[in-house]
Amino acid sequence: MTIHDDVSEVLLTGEQLQARVAELGRELAADYADRQPVLVSVLKGSIVFLADLVRATEIPLSVDLMELSSYGSNTETSGQVRILKDLSGSIKDRDVVVVEDIIDTGLTLNYLLRYLHDRGPTSVRICCLLDKPARRLAEIEIDYRGFTIPDRFVVGYGLDFDERYRNLPYIGVLRPSVYGGADPEA
Amino acid sequence: MDNPSQGILAIDGAERPSGRNDQGLVAATLTDATKPRFAHASEAELARILDFYQVEWRYEADVFPITWNASGLVTESFAPDFYLPQIDLYVELTTLKQSLVRKKNRKLRWMRLLYPEVRVKLLYARDFKALMIKYGRHDFMAQVFDANLHNSPGPMTPEPRPAARVTVTAA
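Sequences listed follow chains A and B, in order.
Here the first sequence is numbered in my numbering, starting from 1 and rising by one per residue.
Here the second sequence is numbered in my numbering, starting from 1 and rising by one per residue.
One chain only, chain A, in its complex shape:
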C-alpha cells in the first residue's frame, strides 16, 4: 500500500509540472529583471512549487514565508484567521510575488492580499500553480497561472489531504473513498 493507491487519476504529471514551472520561472525572470522581487509563499501547500519555481527563476530574488491558520480545526478557539508565521522581512517598497499552490474560493488569498497591501509594497502580483475557478467567491486577478483545473479534489506536489500526499511527485485526483465518499467504480 502506497500513497499512489489512493489516487484515482493523475491530473498533471511530474513532467508537465516541471515544464510549466520552468515557463513560469522564465516569465518571472523577464518581468522582474533588475527588480529583485520577494516571493512570498504560504505554508505548507506551496513549498514544493516554490522550491521548483525559484530554481527556474534565474534572477536575484528573495523568499519569505507565511503561515495562516485555516478554517476548520481552529474555529473553536478563534473566530478569525490568524497569522501563525509572519513575514521575516519588510516588504515596504518591494515588488512582491505571492506564490500559491492553488486558488479555490479565493478567501485565503483575499485576506492575504489585504494584509500584504497594508505593508506598503511597491507592487503585488499573484503566481499560482493551480487555478480552480469553480467555487471562486473572491475574484482574484492571477498574473501567473500554471494550470486551470476542473473541480476535482487534488493532492500531490505539496497539496495535501489531512497532511498526507504532499510528497506525490504529480497532481492526482484523490479517490472519494479516502475522504468519505464512494468511488465511482465501487
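Because the hints were derived from the structure by calculation, they are not lab data.
Computed from a predicted model, the values in this text were never measured in an experiment.
Just so you know, even glycine gets a beta-carbon here, dropped at the ideal spot from N, CA and C.
Heads up, some of the hints might be wrong.
Claimed, not checked - Some chain B residues close to chain A (C-beta under 7 Å, calculated; not the full set):
| # | residue |
| --- | --- |
| 1 | 52 |
| 2 | 135 |
| 3 | 136 |
Said to hold, decoys possible - Stretch by stretch, here's where chain B covers chain A in the computed footprint (C-beta under 8 Å, at least three residues):
| # | stretch |
| --- | --- |
| 4 | 63-72 |
| 5 | 103-109 |
| 6 | 129-138 |
Position chain B against the provided structure of chain A, taking the given hints into account.
For chain B alone, kept in the frame of chain A given last:
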C-alpha cells in the same frame, strides 16, 4: 396610486427591470440586526467561514423581482442568501432538498437575464460538501449536512462568535 404594482415596488424599493433592489425594509423583517436566523445549517456554516476570513456579509439583504403578472405585480422574486459587499457578490446555497435545485436554477437564469450586472454565485450541495472536506469539517458533514439533504431543519441561529468583526446586515 394608478398602478397597484407601483405601491408594492415602492415599499420594496424595487426597480424594474434592472438595477439592484435594495430591500432594507424587507431585510429588517427577515433578520435580526445581530443574529440572523439562518434557514439552514449550511448557511450558518458559510457565515462562520466568511467571518473567519474577515469577509463582510449580509444575509438576505436584497430581493430581486423576477416575474410580474399582467398588472405589473411581482409574482416571483429571488433573494440570494448572502451579499458580500467587499466582493460585490451574491451567494446562493442550494444545499437543501435536491428538488429545490431545479427551481433555484430557473430563478437564477431569470436573475442573470434581468440583472446581468449583478454577480451571483450558486453553490450546490456538492460544492459545499467539497468545502467541508477541504476544511476538515467531517463532523459537520456527518451530523448536519447529510441528514438535512432530505430533512430541512428549522431556522438556526449561529453560535456566538467572540471577536467577530463582521458586518451583519439588515440595513
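Now for the hints, and whether the structure bears them out:
no., hint, result
1, 52, "holds (5 Å)"
2, 135, "holds (4 Å)"
3, 136, "holds (4 Å)"
4, 63-72, "holds (count 3)"
5, 103-109, "holds (count 4)"
6, 129-138, "holds (count 5)"
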